[in-house]
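Enquirer: Our numbering applies: residue 147 is where the sequence shown begins, and numbers increase by one.
Just so you know, these hints were derived from the structure itself, not from any lab.
Careful: at least some of the hints might be erroneous.
[To be verified] Derived lysine-lysine pairs resembling DSS-like cross-links, with alpha carbons at most 27 Å apart:
no. : residue 1 : residue 2
1   : 385       : 156
2   : 321       : 385
3   : 321       : 156
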Amino acid sequence: MLLYADTPAKHRIGILIVALATLCFASLDTSAKWLVTHIPILEIVWLRLAIHALLAATWLIPQHGLQIFIVQDFRLQLIRSAMLAAMTALNFFALQYLQLAQTAAILFSSPILIALISCYFYKEPLSTPKWCAIIGGFIGVLIILDPFGHGFHPAMILILIHATIFAFFNFLTRKIAAHSDPGVTQFYSALGPTIVLAPFVFFSWENITSTLDIFVIFLTGLFGFLSHFLLGLAYRYAKPATLSPFFYQQMIYMALFGWLVFGQTPNLQVIVGTILVIGSGLYLWFQEIHQDNK
Numbered sequence: 147m148l149l150y151a152d153t154p155a156k157h158r159i160g161i162l163i164v165a166l167a168t169l170c171f172a173s174l175d176t177s178a179k180w181l182v183t184h185i186p187i188l189e190i191v192w193l194r195l196a197i198h199a200l201l202a203a204t205w206l207i208p209q210h211g212l213q214i215f216i217v218q219d220f221r222l223q224l225i226r227s228a229m230l231a232a233m234t235a236l237n238f239f240a241l242q243y244l245q246l247a248q249t250a251a252i253l254f255s256s257p258i259l260i261a262l263i264s265c266y267f268y269k270e271p272l273s274t275p276k277w278c279a280i281i282g283g284f285i286g287v288l289i290i291l292d293p294f295g296h297g298f299h300p301a302m303i304l305i306l307i308h309a310t311i312f313a314f315f316n317f318l319t320r321k322i323a324a325h326s327d328p329g330v331t332q333f334y335s336a337l338g339p340t341i342v343l344a345p346f347v348f349f350s351w352e353n354i355t356s357t358l359d360i361f362v363i364f365l366t367g368l369f370g371f372l373s374h375f376l377l378g379l380a381y382r383y384a385k386p387a388t389l390s391p392f393f394y395q396q397m398i399y400m401a402l403f404g405w406l407v408f409g410q411t412p413n414l415q416v417i418v419g420t421i422l423v424i425g426s427g428l429y430l431w432f433q434e435i436h437q438d439n440k
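My request is simple: use the sequences and hints to build the entire structure.
Expert: What follows is the structure, given as C-alpha cells:
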C-alpha cells in the first residue's frame with residue numbers, strides 16, 4: 147500500500163531518490179541531444195520508449211508475473227502514456243536547437259503551471275503573494291524566451307508546451323501512485339506509445355551501425371526508465387510539497403552537462419530568467435508549506 151510517510155527518516159530517503167531522479171533526467175536529455183544531431187527523432191523516441199518498456203518488464207515479470215498486465219486504472223495509465231510520448235517527442239525535437247540549460251529553465255515553469263491548474267480545476271484559492279510569484283515566474287519565462295529578440299527560437303514554444311503537459315502529468319503520477327506499483331506504471335507508460343508508434347517507425351527506419359550510437363540509445367531507455375521509476379517511488383516516502391524544492395537541482399546537472407559535453411554555457415538572460423522562475427517556484431512551495439502548518 148502506498149502511503150505518505152511523515153517521519154524525517156522517510157523524508158530523507160524521498161529527497162535522495164529525487165536527487166537520483168533529476169540526475170537521470172539530465173543524463174537522458176544529454177544523451178538525446180547528442181543523438182538527435184544524426185539519427186531521426188522518431189526513431190530515437192521509439193527506441194527510448196521500447197527499451198524503457200523492456201527494462202520495466204524485465205524488472206517486474208520475475209516479481210509479479212503476468213499480473214503486470216492487470217491494472218485498476220487502465221484509462222489513467224493510457225492517458226499518462228500518451229503524455230509521456232508527447233513530452234519525449236517535444237523535448238527531443240527542441241534539443242536539436244536549444245541548450246540543455248535553456249530547456250531546463252523553461253521546464254521549471256511547471257510548478258507555476260501546477261499552481262494555476264490547482265486553482266482552476268481544484269478551486270484552490272490563490273493569495274495575492276502567490277499571484278505575485280506566478281507573475282514573477284512568467285516574467286522569468288519571458289526573459290528566457292526573449293520573444294521579440296535575437297535569442298528566441300520557435301523550439302522554445304515546444305518546451306513550454308512540454309512544461310504544460312508535465313504539470314498535468316505530475317498530477318496524474320501522484321494520483322496513480324496512490325494505488326499502483328511505480329514499476330507497473332512505468333511499464334504501461336512506455337508500452338502504449340511503443341506499440342502505437344511502431345508502424346510509423348518501421349516505414350522510416352534507418353539502420354544504426356555505430357556501436358557508440360547503440361550504447362547511447364540504450365542509455366536513453368535506461369535513464370528514462372530509472373528517472374520515472376524513481377519519481378513515482380519518491381512519492382511513497384514523502385509528500386510532493388516536501389520534495390518539490392529538490393527538483394531544481396536538475397538545473398545544475400543540465401548546465402554542467404551542457405558545458406562538459408557540448409561546450410555550451412547559459413547566457414546572462416537565461417541565468418536571470420532562471421533565477422526568477424526558480425525563485426517563484428520556491429516561494430510557491432514555501433507558501434504551501436506555511437499554509438499546511440496553519
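Enquirer: Looking back at the numbered hints, which does the structure fail to meet, lowest number first?
Expert: Result: no hint breaks.
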